[in-house]
Amino acid sequence: MTTVDLKLYQVGTFAAGNRLLPLEDRTVQAHPDRSNSITSGHRACQGCGEVLGARYVLDAAMRATGGDLVAVNATGCLEVFSTPYPESSWQLPWLHSLFGNAPAVASGVAAALRATGRGHTRVVGQAGDGGTVDIGFGALSGMFERNDDVLFVCYDNEGYMNTGVQRSGATPGGARTANTKAIGPEPGNAFGQGKNMPRIAMAHEIPYVATATVADLHDLERKVEKAMTFHGARYLHVLVPCPLGWGSASKDTILLARLAQRSGIFPVFESEGGEVTAVTPIRRRVPVEDYLRPQRRYSHLFGAHPRPDVVARIQAGADRSIARYGLLADSSEK
Amino acid sequence: MPGQRLSQIEGSVAVAQAVARCRPSVIAAYPISPQTHIVEGLSDLVRGGELIDCEYLMAESEFGAMSACIGASAAGVRTYTATSSQGLLFMAEALFNASGLGLPIVMTVANRAIGAPINIWNDHSDSMSMRDSGWIQLYAESNQAAVDLHVQAFALAERLSVPVMVCMDGFVLTHAVEEVELPEQEQVDAFLPRFVPQQLLDPKEPVSIGAMVGPEAFTEVKYLMHAKQVQALDEIPRLAADFEEMFGRPGGGLVAPYRTDDAETVVVTLGSALGSVEEVVDELREDGVRIGALGITCFRPWPLDEVRAALAGASRVIVVEKAFAVGAGGIVGQNVRLALSGLPATVYDVVAGLGGRPITRASLRGLFRDVLEDRMDSRSLHFLDLDVELVERELARTRLGGTGPHAEHMLRALVGVGAVPPGPEAPVGEES
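From first to last, the protein sequence lines stand for chains W and L.
To convert, note that position 154 of the first sequence is 154 in this note's numbering; the numbers rise steadily by one, no gaps.
To convert, note that position 4 of the second sequence is 1004 in this note's numbering; the numbers rise steadily by one, no gaps.
Derived from the structure by calculation, the hints contain no laboratory data.
From the three backbone atoms N, C-alpha and C, an ideal C-beta is built for every residue, glycine too.
Among the chain L residues that face chain W by a calculated CB cut under 7 Å, a handful are:
hint, residue
1, D1053
2, A1075
3, A1211
Build the full structure now, drawing on both the sequences and the hints.
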C-alpha cells in the first residue's frame, strides 16, 4: 500500500491550505447556513469552471445581502445546465430572458425594485463571455453608463462553449475553436486588438470593476462582497476554464485558472471609479507555455510543427499585462 | 396633473397623460420618430413629480428598452414603453420573449413604415410584421380612441397576463392636435385595479422564470398563449362595456361596424384611415349606394366571429390596409378571407397609404367606384394611387440592363432630373 505524505500546502503553489487560515477567512463548502444558490444536481460538465464560479459568486452575494437577491441570467451553458423545467437548481429568484439582453433585464428589475420601495433587494446579472462581450455588449454598456444598481458577472471561458466551442470576442489569439481550427498558415484564432471587457468597464468609470479566477475562491468571494458594498453599476470578470472547450482535463480547471494568473495572461485586479486600486501580484511567475501546454486548444503550437513564434506572441501579451498592472511588484520573485 | 376633461392637445401628449394616469412604475424607452413626443411627455411627468413612484429608464436601444420592461414586469410592476418602425423590429426577439413569459407589458406603437428605403412616415408595416409575436394588438382610429385604448390595455394585459400593443398612426395621430377627453385620475384609479402579478421575482418565495422547456410541454405552453388570446376576445368587449360605464363613452371593443346593416359593400380598414373611409361611405350613401365600413380595433387576437357577423350580408368586401405581405398579398385581407370562408362575398385587397402617402377621399371614392362597377380583379393585390407609369419605366430600364438603386432612379424620374431622360408624361404629385 502506498502512503502519501500529508502536506499543509497545495503542491506547486504558494496558496495556503484552508486549514491554515483563521476561521473567519476559511472557505466553507458545506455549511447549514450556506445558501447553495445554485444547488447540486445541475447538468454542468465535470470540472466546469463556470458553475464553480457561479456558486461562489452567488453564495457570497447572498451572504452579503442577507439573502435579499435576484439573479438575471443570459442564455448559455449556465442557463441550460441549471434549468430544464420542471427542475431548477436555483434557490434564489432567477430570471432568464434572452442571450443578448441580461444587463438590460437586470436594469429593469432594479428599476422596478427601486420604484416600489424594494431597493434593498439587490440584483446580479450573469452571462458567459459571449453574452457579455459580444451579443450583450450594447446592453451592458448602457447599464454601465446609466450606473444602474446591478452587479454584472461575466463567467469568461473564452468562447461559445454551449453551441459547440466557437470563437467569441473573448477568445485569445492562437486558440483553436470549432470555427478557428488549427488549419492554414495562421492556425487558431486570429490575433485581434482584443476585447478587454474589464478595461472597457473601467472606461465607463463605474464604481467597481474586478477580475478574479476560480483558482482563488477567497479572492472571488471577497470581491463579490466588496462589490455589494457599492451601489450603482459594478462588473466582475471571472476566468472560468472549460474542460470541454479548452481540451483540458477536468481535474485541471483550478490549475489552469491559477496558471493563467501566474503567467500574466489573466491579470487579477480591482478598480474603483475607473482607476486600478489593487492587483494580485504574481508570486511565482511561469512562462505562458506552462499554461498553454495542458490545453488541447493550443496543441497545434507544440506538436510536430511547433509554432514558437505564436507562443512568443502570447508571451508578449502576458508581458504587456504584467507591466501594465505592475503584477511583479517584488522584483525578487520574477 | 391637470384634471380638465376636454383639451386641445397633441395625440402624443394625450397618450402620455393617459399612460401616466395608469400609474406605471417603470417606463423604459428609446427615442424613435414619431413615438418621441409620448416618451418625452412621460419623462417630463416623472421629472416634474407629477407621475410619482415611477422609474424612467433611458435604454441604449429598443432591444434594451423591451428587455428592461421584461425585467421590470417580472419584478412585479406595471410597465410601459413606446416605439415605432425599426425600433419595433429591433425589439422583435424580446417581444416574443415577453409574450412567451406572459408578462403584461403595455406598449404604444406609433405606426411608421419599415425601410429600406428609409421612411419616417406612417403605415402599418411595423406592427403588422409583429402580428404573430403573441402580443394583443389594438388599433386606434383617433386620438380619443388611442387614449381610451391605453387605459383598457393595462387592464386587459394584467387580467390575462399578456402583453398589449396599442397602435396609433404615426404623425397622422401622434402629432395631430385635436380635442381629446382625458380620463380623470380618480376614474382611472377606479377602473384599473392595482397590479397583482401572476409571477414575481421575490427573494421570500424564489421562483425560476424563463427556464428551458423541451418537446414534452412546449406545444402546451404555446397552446396556452393562444388560449389566453382567445380569452381576450371575451375580455375586450367586457372591458369596453366597463369603460363606457365608467367614462361615459364607448370603449372600442373588437370591431367598429359603420352603416353595415344593409350594406352590400363593406370597406374594412384599421387605424386613422377609418375616418376618411366613413366619410366616403356617407357620400356614397347619399348617392344611394348600400355601402358601409368595418373598423378593426382588435387585430390580434383576430375577432373572426365578429368580422364574419359584420360582413355576413355583404357581397363585396374591400380591405384597405397600410401594409402587405410582399409576394403574397394583403395581411388583413387574408384574415378577412378566413373569416368569410364559405360565404359568397368577393374580397378585394387594397394596399394604401404606404410610407405616409395620403389616403385621400378622392382616391377612396375612385377605388370604391371601381369595385362597385366591376373594374377590379379580386384575385390580384391592388395599390391605391400606384404610379404605374413610373414603375413600368423603372422595370423597363432594369430590363435594358440599367443598374443602381431603384429608389434613386424613380425619384429622379419623378422630378425630371439626372441620368434618366424625363418622359413626356412624367407624373407629378398624387394629391387630389
